[in-house]
Amino acid sequence: MSSFIHEEYPVAKGDYTRAGEASADIKRRLKQLGVSSNVMRKVAVASYEVELNLVIHSLGGKLMLDVGTDGVLLVSEDVGPGIPDIAMAMREGYSTASEEARSLGFGAGMGLPNMKRNADDFDIQSEMGKGTRISMRFNLA
Amino acid sequence: MTFRDMATVLHAKVLCHEEKLDNPARTACCSDLMSDVLAFVNEKTVLITGLTNPHVMRTADMLDLKCLVFARGKIPTDDILETADEQGLIVMTTKETAFTTCGLLYEAGLRGVPIEWPEGEDA
Ligand SMILES: Nc1ncnc2c1ncn2[C@@H]1O[C@H](COP(=O)(O)OP(=O)(O)O)[C@@H](O)[C@H]1O
Ligand SMILES: [Mg+2]
Numbered sequence: 001m002s003s004f005i006h007e008e009y010p011v012a013k014g015d016y017t018r019a020g021e022a023s024a025d026i027k028r029r030l031k032q033l034g035v036s037s038n039v040m041r042k043v044a045v046a047s048y049e050v051e052l053n054l055v056i057h058s059l060g061g062k063l064m065l066d067v068g069t070d071g072v073l074l075v076s077e078d079v080g081p082g083i084p085d086i087a088m089a090m091r092e093g094y095s096t097a098s099e100e101a102r103s104l105g106f107g108a109g110m111g112l113p114n115m116k117r118n119a120d121d122f123d124i125q126s127e128m129g130k131g132t133r134i135s136m137r138f139n140l141a
Numbered sequence: 001m002t003f004r005d006m007a008t009v010l011h012a013k014v015l016c017h018e019e020k021l022d023n024p025a026r027t028a029c030c031s032d033l034m035s036d037v038l039a040f041v042n043e044k045t046v047l048i049t050g051l052t053n054p055h056v057m058r059t060a061d062m063l064d065l066k067c068l069v070f071a072r073g074k075i076p077t078d079d080i081l082e083t084a085d086e087q088g089l090i091v092m093t094t095k096e097t098a099f100t101t102c103g104l105l106y107e108a109g110l111r112g113v114p115i116e117w118p119e120g121e122d123a
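If you read the protein sequences in the order shown, they are chains A and B. Note that the first sequence ends on residue 141 in the working numbering; no numbers are left out. Note that the second sequence ends on residue 123 in the working numbering; no numbers are left out.
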């Protein structure tokens, strides 16, 4: 995809105070580019859920944003621990979130299904001990 | 009804963006589960909640919500209110519980935000 912008956002494990900053920035950039508010909301919701997962569940990782003429590509990559059973993790209501995450209003087990619902293409790959990669594409129209 | 009518019905104190109170309010939702709000809320609506952490503001930002109502007299910290101010979000706080807040607003004509069921699922 020929890209207007490419951005990378490192996301630290357990950093609840800063969680969401990357997604807020992503939303701001899409707005500057004139992306429609409907598409912007879909990307923002998926981005916020995937960013929170990096904070809550991963050992750390990054978010990557590409915006081109044919759409928005959002990729999340982390360095572990990986997801043992992806089919289980994709189920609504399944969550291994900590008490801390729950006290903030998260850990309902809706994140992954919600990402899948908002993205036009959704791909998740995970290897135990290596990490998880989630790739989401959003059409601009 | 307007946001001002909401504030009146709830005897609420407006903490942010008082100048927007005459805009119309039509729908609302009530939840402390931000994942749930992110999953089902599909329009620029009102959120009634008892949570006052920064993620409530972030959730509101991601969804372009118009107004936050904190129930049971809760007031977020100043830095959280500053974020709301930057986001252009109306914020009010009422002494009523979340249940009574919803009841009073429903009685006054506000309705639940229409929700989308995930494909292939029945109520
Ligand atoms: N990046 C990740 N690394 C490891 N595990 C993950 C990651 N993302 C999600 N998971 C696992 O998938 C489960 C479901 O994720 P999600 O649907 O977002 O719900 P929640 O975050 O509320 O638990 C999580 O509880 C966790 O066990
Ligand atoms: Mg999650």
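Heads up, a few of these hints could be off.
Unchecked claim - No farther apart than 35 Å at their CA atoms in a straight line, the calculated lysine-lysine pairs in the DSBU-like style are these:
#1 B:74 / A:13
#2 A:116 / B:13
#3 B:13 / A:31
#4 B:13 / B:44
#5 A:13 / B:20
Said to hold, decoys possible - Derived contacts from chain B toward chain A, CB cut-off under 10 Å, selection only:
#6 8
#7 9
#8 30
#9 33
#10 36
#11 42
#12 58
#13 61
#14 63
#15 82
#16 85
#17 114
#18 115
These are calculated hints, taken from the structure and not from any lab test. Beta carbons are placed, not taken as given, at the ideal position from N, Cα and C, and that holds for glycine.
Enumerated hints in conflict with the structure, sorted upward | 2, 5, 6, 7, 8, 15, 16, 17, 18
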